[in-house]
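Asker: Read off the chains here:
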Amino acid sequence: MAELTITFEAVWASAIQVERAIREADNPLAKLCVTVLSEQVQQLERLLPKLADEGAALEVGKREISIVYHDDELIDSYFRSWLRHLKWSEDPFEPEAERLLTVLEEMKSNLKEAARLLEDRFGYDAVKYVIPFFYMPIHH
Amino acid sequence: MSWIDERVDMNVYTQGEVDRWVYSTCNICSVGCGCQIAVKNDKIVGIRGNANHPINRGRLGPKGENQWYANNSTDRLLTPLIRNASGELEPATWDDAMSLIVRKTKETLQQKGANSVAIYSTGQGHLEDYYTIGKIGRAGLHTHLLDANTRLCTATTEFCLLQSFGADGTPASYDDVDETDVLMLFGHNLAETGTVLFERVMQRKKRTGKPYLIVVDPRLTPTAKEADLHLQLYPGTNVPLLNGLIRMIVKSGHIDESFIQNHTIGFNKMLASVEEWTPEKCANVTGIPIEQLETASAALGQTSKLVTTTLQGTFQSADATTACVAINNLHLIRGLIGKPGCGPLHMAGQPSSSANRTVGGVGTYPAHRNPQNPKHLQEMARLWNVEERTLPAGPEKGIEDQISMIERGEIGLFWNIGTNPLVSLPNRPRVKKALESVFVVVQDPFLTETSAVADVVLPAALWGEKEGTMENADRTINLLRKAVDPPEGVKSDFEILLDFARRMDFRDKDGRPLIGYSTPEQCFEEWKSVSRGRPCDMSGITYEKLERHNGLRWPVTEERPLGTPRLYSDLRFHTKADDAQSYTKDQFTGRPLTPSEYAELKPDGRAILHPTRYSPPPEMPTAAYPFWLTTGRLVWHWHTRTKTARSPYLQAIAPNAYVEINVEDAEDLSLVPGELVRIASPRGWIEVPAKIGTTVQKGLIFVPFHYGSWNGRQAANELTADFVDPLSKQPTFKQSACRIEKIRHSHTLTMGDTLQTVADHYRIRLEDLIKANRLSADHAVQVGQTLDIPVSAANVTLPAYMPYLNQV
Chain H
1 MAELTITFEA VWASAIQVER AIREADNPLA KLCVTVLSEQ VQQLERLLPK
51 LADEGAALEV GKREISIVYH DDELIDSYFR SWLRHLKWSE DPFEPEAERL
101 LTVLEEMKSN LKEAARLLED RFGYDAVKYV IPFFYMPIHH
Chain X
1 MSWIDERVDM NVYTQGEVDR WVYSTCNICS VGCGCQIAVK NDKIVGIRGN
51 ANHPINRGRL GPKGENQWYA NNSTDRLLTP LIRNASGELE PATWDDAMSL
101 IVRKTKETLQ QKGANSVAIY STGQGHLEDY YTIGKIGRAG LHTHLLDANT
151 RLCTATTEFC LLQSFGADGT PASYDDVDET DVLMLFGHNL AETGTVLFER
201 VMQRKKRTGK PYLIVVDPRL TPTAKEADLH LQLYPGTNVP LLNGLIRMIV
251 KSGHIDESFI QNHTIGFNKM LASVEEWTPE KCANVTGIPI EQLETASAAL
301 GQTSKLVTTT LQGTFQSADA TTACVAINNL HLIRGLIGKP GCGPLHMAGQ
351 PSSSANRTVG GVGTYPAHRN PQNPKHLQEM ARLWNVEERT LPAGPEKGIE
401 DQISMIERGE IGLFWNIGTN PLVSLPNRPR VKKALESVFV VVQDPFLTET
451 SAVADVVLPA ALWGEKEGTM ENADRTINLL RKAVDPPEGV KSDFEILLDF
501 ARRMDFRDKD GRPLIGYSTP EQCFEEWKSV SRGRPCDMSG ITYEKLERHN
551 GLRWPVTEER PLGTPRLYSD LRFHTKADDA QSYTKDQFTG RPLTPSEYAE
601 LKPDGRAILH PTRYSPPPEM PTAAYPFWLT TGRLVWHWHT RTKTARSPYL
651 QAIAPNAYVE INVEDAEDLS LVPGELVRIA SPRGWIEVPA KIGTTVQKGL
701 IFVPFHYGSW NGRQAANELT ADFVDPLSKQ PTFKQSACRI EKIRHSHTLT
751 MGDTLQTVAD HYRIRLEDLI KANRLSADHA VQVGQTLDIP VSAANVTLPA
801 YMPYLNQV
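Chains as they are written, first to last, in my numbering: chain H, 1 to 140; chain X, 1 to 808.
Honestly, the hints are just simulated from the structure, not real lab data.
It cannot be assumed that every hint is accurate.
[What the hints assert, rightly or not] If the Cβ cut is set under 8 Å, some of the chain X residues that face chain H in the computed set are:
(1) 113
(2) 144
(3) 226
(4) 372
(5) 394
(6) 401
(7) 590
(8) 623
(9) 626
[Stated by the list, open to error] Subject to a maximum C-alpha distance of 30 Å in a straight line, what follows is the list of computed DSS-like cross-link-like pairs (lysine-lysine):
(10) 742(X) - 87(H)
(11) 375(X) - 128(H)
(12) 31(H) - 108(H)
(13) 112(H) - 128(H)
(14) 87(H) - 251(X)
[As the list claims (entries may be wrong)] Beyond 10 Å from chain X on every Cβ pair, some chain H residues (computed):
(15) 19
(16) 45
(17) 50
(18) 57
(19) 67
(20) 102
(21) 120
Where is the CB? At the ideal position from N, CA and C, for every residue including glycine.
Kindly generate the complete structure, drawing on both the sequences and the hints.
Answerer: Put into structure tokens, the structure is as follows:
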């Protein structure tokens, strides 16, 4: 699980970075982002120790994994909405938000990689109801 | 008691007697009026109401009466079109068009995977179309990208019901409206969006004095004018109002503690979420005086019979699902559900959007099955005879998420059926840019504005030219018989979908065609078996029964052969884990709960009270954009006017857009009635005449969203922001920020000029010239003085539609 641990640690680091950067913003969309990111960080902090056990079954960390992914789906949507709002209101934070978007996109890439690793390890049928389909490798 | 009499409304144009009348249902709003189509010489020549149908007893609304004109419109599409290399749409054969679509679908799936093909349908189609879309989408394409314009009008209904009761299906019905003592229309301008149902309410009210009518609306609409209590709140404050009212009701002791104890969970957390909403805070945030709040809370708290309806004022506002959940909370803590005259009646926005939700053309799996529950997917796999592992698990992606996916190049084909997103979606500039970048199929009877981005256009049949069923706002399934064949070269949505499935060679796990039915009625029979045992069980319905009984309200089973007037009479809610349509979502963030989180709640058949935390609209007025913008419907037109603009009568009454401006705001800006103004938002701008009055409150303007032609700048959705509700993903059309800009010439007075000569020269009224320049009537003008000249000033006059006042 070492590779998985490294990948989820990267996700955790990105989530913390973005959460800290935006936690003082008062727009309702930003507050939604902060709430979701905080939950995501919390779940990752519960998950990471479980991943240290090389022989752990998916069941052990399935709840945290599912929450992390579903939170990421929300963040993607809410952050992009907030970014549109920043542009429309000509907010000086907008360039920084654009930069943070790249951090979130990197998070998503890492989560897709983690999904691939999880599917490789546990099989598609096991992860089907845990990880949203949009993170899974494309199957033809 | 329902209607006391019948009145057959009729709109027919024919020379000579009608040949036959064909059984049907109105295809406009979600009330679901029964009607008959007039046919002469195999052509539709009119419509009349069905006197025997319990919903309307013969009555029709103005749009319903006029819907048939579109069938004979000379600009019907009669052939498929394919965009050529020069960028023009040119006629093509059905074989060429469908072959292109199939080829493109296969390419897209190969290159980008299953979630690269999106089907975006409508709330104005048939149940059988939606079921087929769901089957093709889930079991054929394996996509999550099934959505419809129902996302814009009624998604919130579905999600608030899932949150509180475990399954879709509005608990109350029109029968309860007939019996209730207090009716609260929350964000629901029924007088203009459901005229027949409003007449039904008002007929009883005039006769009996009931119901006591509470109307919650930031505008003084025709509905609000009839209210006993109009709560004219500030935009974006639905949740503060409801939280304040609930708090008052709890504090006054008007709750059913036994009901709460035995039939709900979550009371304490819900109560904690409303605690801060004191009457003073509520009044301050909503703008509603405390005395009115007290009147409302007394009426809601003391009545033994309450029905609350909701529509776009709730669904398209910020905090949409939370507001509707708050309404569910209200009914639950008062124990006012599952009994006559009681319950939430969350409406639908279109004649059959409910059917799209029920049979799985959007959202969850057919018959209220949970896409996160392996057992539910195993059931679907068995029913469809496919492998469970091929059925996609997890929630769908709504249209706004799909736009984002298109922008990122993740979607390769967008199939648009019976809807006009380039007029109806918010932030139109963004939508246009996105759809220009993807392969678009437009399936419609006419060349709509969305055709501008179409790669293939398929001519589709209209109402009256196809058979099927629809589900209205109160769970009634209605039948529509085919009255005439569509024009030559035109096919029904159902036929097109079956053709697609055949060409794609979708098969079940035994190699048989995935779509085994060939007629709508056969499809309905298959759907019945899929629905058996689920909340929306329709196993007791047949087409013949629907016609004989003039609609049936599900569930319709052996035990309930004539349907079910209200849900939860047994106070058993669909919240057991293996019954529930959803494991619910976090009420604030919208994150789906995991199965284990849901299990820990232990609802076990009880309703769920959710905390209702307020989240203001993301965009609010600023110095640069100091007005609230809201959009909505007129009584005279339907959606993007694809049908209603083709009625000469309706189009003559309301040909153009306008903006409603409060008289005080107009005075501050020295606007004159009918003056052409520019309304600008951070997204774009439109130019429309000003209708000045008191319908909107100070600081708020209203623009009808029906007018989206590429000729001119009148489309309300050039202005709107595309934020969505966190749970339902329904766009929040009702709250954007904008400013009003005057469009004026300047005229510098020269020797010989008088106010009258200047007014005459520019062809405006003298009084308008005086008003526009804040002059006094006897103001002496001077050479060299510069006057503002409104570019145009043509009064906006719209007649009211209130026939019931003469009838009742």
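Asker: All the hints need checking, so say for each whether the structure fits it.
Answerer: Against the structure, the hints:
1. 113: Holds: closest Cβ of chain H sits about 3 Å from residue 113(X), inside 8 Å.
2. 144: holds, 6 Å
3. 226: Hint on residue 226(X): violated, closest Cβ of chain H at ~34 Å, above 8 Å.
4. 372: Holds, about 6 Å.
5. 394: Cβ of residue 394(X) sits 5 Å from chain H, so the hint holds.
6. 401: holds, 6 Å
7. 590: Since chain H brings a Cβ to about 6 Å from residue 590(X), closer than 8 Å, the hint holds.
8. 623: violated, 11 Å
9. 626: violated, 13 Å
10. 742(X) - 87(H): Holds: residue 742(X) and residue 87(H) sit about 25 Å apart, inside 30 Å.
11. 375(X) - 128(H): Between residue 375(X) and residue 128(H) the Cα gap is close to 13 Å, so the pair holds against 30 Å.
12. 31(H) - 108(H): holds, 20 Å
13. 112(H) - 128(H): Answer holds: residue 112(H) to residue 128(H) is near 14 Å, not above 30 Å.
14. 87(H) - 251(X): violated, 44 Å
15. 19: Per Cβ check, residue 19(H) is outside 10 Å of chain X; nearest 14 Å; holds.
16. 45: holds, 17 Å
17. 50: At roughly 14 Å from the nearest Cβ of chain X, residue 50(H) sits farther out than 10 Å, so the non-interface label holds.
18. 57: holds, 15 Å
19. 67: violated, 6 Å
20. 102: Holds, since 13 Å exceeds 10 Å.
21. 120: holds, 16 Å
When the structure is compared with the earlier hints, violations turn up for hints 3, 8, 9, 14 and 19 and for no others.
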